[in-house]
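Residue numbers (the working numbering), protein chains in the order written: chain Y, 1 to 181; chain F, 1 to 181.
Possibly wrong hints are sitting among the right ones.
In this list, chains with the same sequence are indistinguishable; a pair is considered to hold if it fits within one copy or across any two.
Stated by the list, open to error - Under the rule of at most 25 Å between Cα atoms (straight-line distance), these lysine to any residue pairs were calculated in the SDA-like manner:
no. : residue 1 : residue 2
1   : K8        : L72
2   : K103      : D148
3   : K8        : K21
4   : K160      : G77
5   : K103      : P79
6   : K5        : S35
7   : K8        : V142
8   : K178      : E150
9   : K21       : S35
10  : K8        : K28
11  : K23       : G82
12  : K3        : K133
13  : K178      : N55
14  : K3        : E95
15  : K102      : K178
16  : K5        : I24
To be clear, the hints were calculated from the coordinates, so they are not data collected in a lab.
2 protein chains.
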Amino acid sequence: MEKLKEIKKSSKKLFDGRLIKVKIDTVKLPNGKESTREVIEHPGAVAVIALTDENEMILVRQFRYPTGEVLLELPAGVPNKGEALEKAARRELEEETGYYAKKVKKILSGYSTPGYSNEIINYFIAEELTLHKQNMDEDEFVEVDIIDLEALLDLAYAGKITDNKTIIGIMMADAYLKGKV
Amino acid sequence: MEKLKEIKKSSKKLFDGRLIKVKIDTVKLPNGKESTREVIEHPGAVAVIALTDENEMILVRQFRYPTGEVLLELPAGVPNKGEALEKAARRELEEETGYYAKKVKKILSGYSTPGYSNEIINYFIAEELTLHKQNMDEDEFVEVDIIDLEALLDLAYAGKITDNKTIIGIMMADAYLKGKV
Numbered sequence: 001m002e003k004l005k006e007i008k009k010s011s012k013k014l015f016d017g018r019l020i021k022v023k024i025d026t027v028k029l030p031n032g033k034e035s036t037r038e039v040i041e042h043p044g045a046v047a048v049i050a051l052t053d054e055n056e057m058i059l060v061r062q063f064r065y066p067t068g069e070v071l072l073e074l075p076a077g078v079p080n081k082g083e084a085l086e087k088a089a090r091r092e093l094e095e096e097t098g099y100y101a102k103k104v105k106k107i108l109s110g111y112s113t114p115g116y117s118n119e120i121i122n123y124f125i126a127e128e129l130t131l132h133k134q135n136m137d138e139d140e141f142v143e144v145d146i147i148d149l150e151a152l153l154d155l156a157y158a159g160k161i162t163d164n165k166t167i168i169g170i171m172m173a174d175a176y177l178k179g180k181v
Numbered sequence: 001m002e003k004l005k006e007i008k009k010s011s012k013k014l015f016d017g018r019l020i021k022v023k024i025d026t027v028k029l030p031n032g033k034e035s036t037r038e039v040i041e042h043p044g045a046v047a048v049i050a051l052t053d054e055n056e057m058i059l060v061r062q063f064r065y066p067t068g069e070v071l072l073e074l075p076a077g078v079p080n081k082g083e084a085l086e087k088a089a090r091r092e093l094e095e096e097t098g099y100y101a102k103k104v105k106k107i108l109s110g111y112s113t114p115g116y117s118n119e120i121i122n123y124f125i126a127e128e129l130t131l132h133k134q135n136m137d138e139d140e141f142v143e144v145d146i147i148d149l150e151a152l153l154d155l156a157y158a159g160k161i162t163d164n165k166t167i168i169g170i171m172m173a174d175a176y177l178k179g180k181v
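For reference, chain Y alone in the conformation it holds in the complex:
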């Protein structure tokens, strides 16, 4: 670790937004030279691998403005201030899809793009689902899609799933149902 580490020398805040903060830090490299690092600060997220009793996944389709596309994704979102991750996972699933999960369990965490962001996504398996009512944020427009896991695996292997957390969710769901996770 030590011989790879970069030390912060100074930090300049560039933007403090609703979701992200942007800063540029000057760092001392392992060879003693200086460089700059562009950094996005993000509060972290939860993503929900919601499985029905028939081995289907509850997914959402939404327009992702930065990409200009509608993507098929795991239900996901950012915890409220002070909200526990597990509670946030249950809430995001219910808000976006209407499904309440009796059983929720964290299985892993992964950085989404560690070269320039500290965002970490916490993945939860959600089971024992019952349908309540969709209750989205005011500026959220989401369609629910329930798809058989085997079909999703085929789509992922064929390169038809284009959101990284959703690719992970599909492959982890398969491993989970096979008792590997």
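Based on the hints, put chain F in the right spot on chain Y.
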């Protein structure tokens, strides 16, 4: 698509960095109301799933400043201006690890965090490797680690791999070797 789409009304540039650009756009939502979207523009990346003839993967460990941690990752990077993705994949693998890949093939692409960034990661399988010489960028410090794919799968299922593109790389390598990809 149309009923989920958000239309750009105006755009304000906030930062034009070495790697990323940051802007805040005002958009018209599907319900006619306005909202803002914080957007990172990123040129896109390549990530390399490099497999030896003995079913090992060539990975790298590097300090990721935004996370404050050394992460185990697929070799990856950003194409040079005008550089084809396949060429960039081969170059990044060779620069970071010293391995030249005779056979390189794109298998999928995925957005890393589409809620606020347009970054897409293009995944390549690299095979028929021969060891040349590591040749890193001036401000890059990377250690190479060659690990058996079965061991990596166990680490991924146990939540010990904490970089999303690397989790995908490991699981796609397994699917590829089983003829599913």
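Of the numbered hints stated earlier in the document, which are not met by this structure? Nothing - there is no hint that the structure violates, so all of them hold.
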